[in-house]
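There are 2 protein chains.
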Amino acid sequence: MEDQKLSSLDPIVNLAKRRGFFFNTAELYGGANGLFDLGPLGLEMTNRIKQLWWRWFVHERSEVYGLDAAILTPAVVLEASGHTESFTDPLIECLNCHIRLRSDHYLEEESEEIFIFRWRDEAIKQRKLGESRATEEAHAAWIKLQEEKLLTCPNCETVHFTEPRQFNMMFKTQLGAVEGAGADAYLRPETAQGIFTNYKNILDAFHPKLPFGIAQIGKSFRNEITTGNSLYRVREMEQAELEYFVKPGEDEATFEYWKGEWYRFLTEGLGIKPEQLREYEHVKEKLSHYSKRTIDFEFAFPFGWGELTGQANRTDYDLKQHMERSGRDLTFFEEATRERFLPYVIEPTLGIGRALLAVLCGSYKEYPNGRDGQGTEMETVLHLPHHLAPVQVAILPLMKKDGLAERAQEIFKQLQPHTVAVYDETGAVGKRYRRQDEIGTPWCITIDYQTLDDGTVTIRDRDAMTQERISVEALVQRFSK
Amino acid sequence: MEDQKLSSLDPIVNLAKRRGFFFNTAELYGGANGLFDLGPLGLEMTNRIKQLWWRWFVHERSEVYGLDAAILTPAVVLEASGHTESFTDPLIECLNCHIRLRSDHYLEEESEEIFIFRWRDEAIKQRKLGESRATEEAHAAWIKLQEEKLLTCPNCETVHFTEPRQFNMMFKTQLGAVEGAGADAYLRPETAQGIFTNYKNILDAFHPKLPFGIAQIGKSFRNEITTGNSLYRVREMEQAELEYFVKPGEDEATFEYWKGEWYRFLTEGLGIKPEQLREYEHVKEKLSHYSKRTIDFEFAFPFGWGELTGQANRTDYDLKQHMERSGRDLTFFEEATRERFLPYVIEPTLGIGRALLAVLCGSYKEYPNGRDGQGTEMETVLHLPHHLAPVQVAILPLMKKDGLAERAQEIFKQLQPHTVAVYDETGAVGKRYRRQDEIGTPWCITIDYQTLDDGTVTIRDRDAMTQERISVEALVQRFSK
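In order, the protein sequences belong to chains L and X.
Position in the first sequence counted from 1, then plus 10, gives you the working numbering.
Position in the second sequence counted from 1, then plus 10, gives you the working numbering.
Simulated from the structure, these hints should not be mistaken for laboratory data.
Note that this is a predicted model, so its numbers are computed, not measured.
Please note that the accuracy of each hint is not assured.
The list cannot tell twin chains apart, which means a pair is met if one copy fits it or any two copies do.
Below, in silico cross-link-like pairs of lysine to aspartate or glutamate (EDC-like), each with a Cα-Cα straight-line distance of 16 Å or less [claimed, not checked]:
1. Lys219 / Glu435
2. Lys375 / Asp434
3. Lys27 / Asp214
4. Lys283 / Glu308
5. Lys375 / Glu448
Take the sequences, apply the hints, and build the full model.
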């Protein structure tokens with residue numbers, strides 16, 4: 011069976027809803043843009059991805075410390091970090107229907123014109139350098155685009171937009187008392203700031219030497235205007251992030267080291283095929299306000315290459331900002347050299363929801379004529395890496411009668427404390443195999459008449475579809491590891 | 011050594027900061043009320059508590075489904091559930107300095123007067139029943155209290171307050187586009203609504219029979235006016251919650267069943283001593299808007315008895331509300347009886363942060379004259395249940411020299427893939443034992459000269475302080491289970 015390439019996310023999204031991997035939030039009320047709820051199977055996979063990451067990058071490393079900071083972040087932290095100022099997207103608004111669109115996304119789809127990109131890039135550059143000419147030029151280009159009626163509103167089809175303006179993408183709320191009287195706070199736009207504000211606490215409690223890291227898995231929030239592609243562009247996302255503190259000058263070599271480790275996690279840890287990954291280096295002009303260098307690993311999603319992980323060299327930008335703003339000394343004292351300095355930070359990040367989506371896309375396979383190529387019904391299989399499958403083993407009595415169901419239940423109860431097992435007795439056994447294939451269960455155990463005689467069961471391999479007979483004892487031993 | 015009772019949380023809070031269990035959020039900037047960041051040790055303990063709960067109530071149960079819903083919740087969901095209307099606290103405001111206080115908490119501390127409680131209870135009752143007389147009476151009582159100058163502002167010491175008014179405790183924000191133009195959303199005040207809005211998805215994907223449950227661990231947010239007692243009353247908290255759906259009429263027996271299971275988790279799972287727990291039954295008049303009956307398990311915190319878990323009989327209130335508001339049929343069809351009805355819901359909940367705090371309080375012990383009672387320095391031990399300890403085993407070379415450190419590092423590397431291990435070579439070994447005792451590490455492994463001779467190490471038990479010699483092979487085997 012050859013690899014087919016998915017041409018759209020639809021089959022994944024349908025499977026996700028039908029079998030319980032994930033659902034659109036508040037679907038009962040028509041759904042909420044860019045918000046998703048993980049169902050039982052998606053959550054189990056997510057937990058497996060997170061635990062694997064934690065084992066690789068925290069438990070098995072002596073120099074990495076775990077952290078879980080609050081989501082609600084007082085404004086002062088994000089003022090210091092530059093997010094209230096620079097965590098923005100360029101939006102245009104239709105003057106007729108008032109819909110707001112991301113000018114960069116919209117124009118990418120709508121026209122070949124690159125004026126607007128120049129406009130945005132120059133505008134960003136200008137904000138940094140204080141030059142006004144770039145803005146004027148870009149503005150002129152924008153006017154021209156509009157006059158030539160090259161921009162049509164996708165909602166009402168009129169042709170008049172505002173100029174792009176920068177809007178902050180953070181969710182704002184207030185701490186304490188009553189609306190209007192409390193202190194401003196934001197839902198964190200990245201988990202990183204919770205790490206930087208605790209850097210000193212980690213120094214004081216653990217006295218690490220350089221290099222050391224602080225790792226965190228948690229939710230971040232971005233008020234994206236253009237959501238879409240299922241779990242890909244969302245407003246609430248889980249990230250696994252590492253801030254790795256090094257001596258200045260060692261940052262570039264450390265950058266290379268983590269690039270390698272991250273790639274190894276994607277390929278060996280998550281089982282993503284190398285040909286579905288590519289490296290993307292951000293051009294200098296488009297770097298985030300804190301970054302000296304950023305690379306992504308992109309995955310070949312059905313809708314195109316999309317960012318799966320990002321890695322930035324944040325230099326000492328964040329620590330310096332927090333040191334200035336808080337007035338606290340955040341320098342690191344290196345005993346060996348008696349030197350005092352601000353460490354540089356290398357930050358590799360993985361989007362957990364995107365990792366789930368990538369693993370699902372990479373494992374999904376349709377067999378139009380069944381697994382044997384001879385049938386008339388399409389069969390679907392998730393060829394998931396075994397250790398990421400949400401159900402590890404299914405226990406299936408051949409029939410309900412003659413004590414087979416009871417024996418199967420006993421075996422199920424024996425396995426349940428050791429793994430994630432399900433029991434299924436409904437319908438023909440072939441149909442039950444297909445149900446398990448569809449959610450990626452690596453092994454199906456069938457209890458048949460021979461089981462009652464000699465205490466053996468069949469174990470079916472999802473991928474090879476081979477069946478072998480083993481004793482119940484061997485089975486239990488196999489899954490208790 | 012007799013049990014001492016902690017008279018304050020201070021020793022726990024100090025230990026937490028000094029050794030890295032948890033920190034006040036944004037401490038660098040003076041801290042944020044009611045927000046905490048978990049450090050490496052507190053996070054590891056929290057993860058162990060969560061994973062244990064998940065194993066007990068999800069993995070080892072065939073009828074319970076896991077879920078992880080979004081934190082951002084569109085307003086419509088919380089309008090339907092009654093939270094925008096009823097999730098309120100009574101606040102009074104000082105007319106001089108404008109500080110706002112929870113009238114019930116404030117008055118509980120400040121005076122013996124019970125007028126104001128009557129005021130509040132009657133006011134709540136009145137909102138339900140539409141009676142006005144209760145409010146009038148309570149209002150009169152309030153005026154009288156003020157005239158007698160029984161209420162003094164703790165901030166500015168003037169004596170004039172507004173009447174108590176109900177303020178909503180949810181954090182509000184906006185989805186999409188720009189401030190003022192987006193759709194209202196809230197940070198969920200409980201994880202439960204994400205379960206109710208996915209109930210139909212679970213029915214469609216898994217076809218469960220009654221009774222069945224949906225479980226979730228995640229953060230909830232409450233804009234508490236009076237925060238305090240460390241992790242106890244916070245604005246951002248993690249909850250482990252189960253919504254258990256039963257046939258109406260079976261709710262009361264199921265209520266008893268879950269009360270027992272929950273108690274078993276607290277005592278056998280978390281190792282909390284029965285004498286530190288008591289059951290508290292909410293009086294009918296003070297039940298939440300959705301509840302027919304609520305009980306708590308309270309823990310003997312140093313500041314007094316405090317809620318650790320809650321369990322409510324939510325009846326069919328939530329499903330009924332969502333069915334009405336969404337216009338979607340949420341009834342359950344029971345095949346056996348051919349009946350169609352809305353299930354009742356029993357909801358046991360555990361506060362994860364409070365569980366962490368309770369386990370720490372229950373395990374903390376000071377030995378003023380050292381462990382042997384003969385010393386002059388105080389020693390502190392966390393007698394944590396072994397399976398909850400953040401560090402499972404510490405590897406300590408007796409000295410750094412003569413190859414002991416190298417041998418210890420080898421052993422450390424052998425254990426690290428199987429458990430949470432630390433390596434420590436700094437200072438006298440007795441001091442290192444004390445450092446591990448203070449964070450509750452159950453076992454310390456010492457590598458000494460005999461190790462180099464015969465391949466055995468000593469393993470020291472935190473509680474008994476006994477040391478036994480075992481081979482490195484036996485050690486590795488013990489921790490790889």
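Hints versus structure:
| no. | hint | result |
| --- | --- | --- |
| 1 | Lys219 / Glu435 | between (57 Å within a copy, 14 Å between copies) |
| 2 | Lys375 / Asp434 | neither (23 Å within a copy, 50 Å between copies) |
| 3 | Lys27 / Asp214 | between (47 Å within a copy, 9 Å between copies) |
| 4 | Lys283 / Glu308 | within (12 Å within a copy, 51 Å between copies) |
| 5 | Lys375 / Glu448 | within (9 Å within a copy, 53 Å between copies) |
Against the hints set out earlier in the document, a violation occurs for number 2 only.
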